[in-house]
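A.B. asks: One-letter residues, chain by chain:
There are 2 protein chains.
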Amino acid sequence: MSTSRQIEIWFEFGSPYSYPSVMRIEDEAAKRGVHVAWRPLALGPIFKNLGWQGSPFLEQPQKMAYMWRDLERICARQGLPWKKPSVFPRGCLLPLRVATLAQDEAWVGEFCRAIMLRHFGEDRVIDDAQLVGDVLLALGVAPGDTIATAQSEPVKQALRAQTERGRQLGIFGGPTFFAAGEMFWGNDRLDEALDWAARA
Amino acid sequence: MSTSRQIEIWFEFGSPYSYPSVMRIEDEAAKRGVHVAWRPLALGPIFKNLGWQGSPFLEQPQKMAYMWRDLERICARQGLPWKKPSVFPRGCLLPLRVATLAQDEAWVGEFCRAIMLRHFGEDRVIDDAQLVGDVLLALGVAPGDTIATAQSEPVKQALRAQTERGRQLGIFGGPTFFAAGEMFWGNDRLDEALDWAARA
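Protein sequence lines, in the order shown, are assigned to chains A and B.
Each residue of the first sequence is one higher than the last, beginning at 4 in my numbering.
Each residue of the second sequence is one higher than the last, beginning at 4 in my numbering.
None of these hints come from the bench; they were simulated from the model.
Treat each hint with caution, since some may be false.
[Stated by the list, open to error] Okay, derived cross-link-like pairs now, SDA-like style, lysine to any residue, Cα gap no bigger than 20 Å in a straight line:
hint, chain 1, residue 1, chain 2, residue 2
1, B, Lys-66, A, Val-128
2, A, Lys-87, B, Met-67
3, B, Lys-51, A, Asp-130
4, A, Lys-51, B, Met-67
5, B, Lys-66, A, Glu-195
6, B, Lys-159, B, Gln-106
7, A, Lys-87, A, Lys-51
8, B, Lys-51, A, Phe-60
9, A, Lys-51, B, Glu-185
10, A, Lys-87, A, Asp-130
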């Protein structure tokens, strides 16, 4: 699925550990001359297909409690704003569809970072046309047309198809990276995946 | 549970990601002037108490397949021997009891590394008196007496009590580190935990 000197990031806006990866992947990739391919997917169907009710954190409260503290430490080290979401998991279908629509656009990275910051840095509801529209406007992208297209059947279908492709690739959580055919799971593997891509 | 400039490593010989941590923790701790407190525990009872049948990897074959590849990459980077265990999870009660008995002895680190190397570097059966005896002998420790004591009721009870203490501390997998009261889960957090301990 990967070409040389490219890294794919498979992620969802509801995925906590996707936050720090989404925030820094483009800067880190640029340092290594690696292209970032954005691959938004819906983790809910992935989890259900694996026989889980939803996020594995929901069934493992001890691990979830640890995860929030771990993420807080990661954000502190990375200098990222952090506000624990008051709802988990939080719906993110609209921004996910916009990211799918825009995944090859120059503004996709900035869009993803803006949504992630509102979710994990500000505890905002992100599955919201007003919030997504404001983000688009700040990027100089027409909100009305973009949101309408994002909610059209072809884009819904594109997200479904991408999610299914992710499942077939063996993805079981976010973020997942592919570099030169090699799979790396989790924010902790971002640098290793980038190095792998750079050596390809 | 931690004192200043000390790191606790809670681990099991059957735990794959405990292998790379056990192998390097003493060297890394020494560089930072941090004392290592060895805390062997039995993960089976921990998992069962969380409502799982056993290792979460057993219920998540995709994640388990990924884990083996990930561990192979980690071993390659760390220069560690790697041979995928032909049995998972592998029993480890006898060496676990010896480690419990010896957790404050000068030779405990060397013992743990030797057992881990035989498990994940050589795919050997480690819940075995001959193998454990050979390891003890190489360390200059009397095998017969040590194994007999390890199988005595007080040591069995000490391991049970330590496991229960780990559960109460919120442990849900291995390796888990505690440094100045802060919990860190997973081989990926070893350096962060050591730095935390060094700053304490």
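A.B. asks: Are the hints correct? Go through all of them and say.
C.D. replies: Status of the hints after comparison with the structure:
1. B/Lys-66 to A/Val-128: Given that 20 Å is the threshold and the Cα spacing comes to 30 Å, the pair is violated.
2. A/Lys-87 to B/Met-67: Violated - the C-alpha atoms of B/Met-67 and A/Lys-87 are around 29 Å apart, more than 20 Å.
3. B/Lys-51 to A/Asp-130: 37 Å, violated
4. A/Lys-51 to B/Met-67: Given that 20 Å is the threshold and the Cα spacing comes to 18 Å, the pair holds.
5. B/Lys-66 to A/Glu-195: 18 Å, holds
6. B/Lys-159 to B/Gln-106: Holds - the C-alpha atoms of B/Gln-106 and B/Lys-159 are around 14 Å apart, at most 20 Å.
7. A/Lys-87 to A/Lys-51: Roughly 25 Å between the alpha carbons, so the hint for A/Lys-87 and A/Lys-51 is violated.
8. B/Lys-51 to A/Phe-60: 17 Å, holds
9. A/Lys-51 to B/Glu-185: 33 Å, violated
10. A/Lys-87 to A/Asp-130: Within the cut-off at roughly 17 Å; holds.
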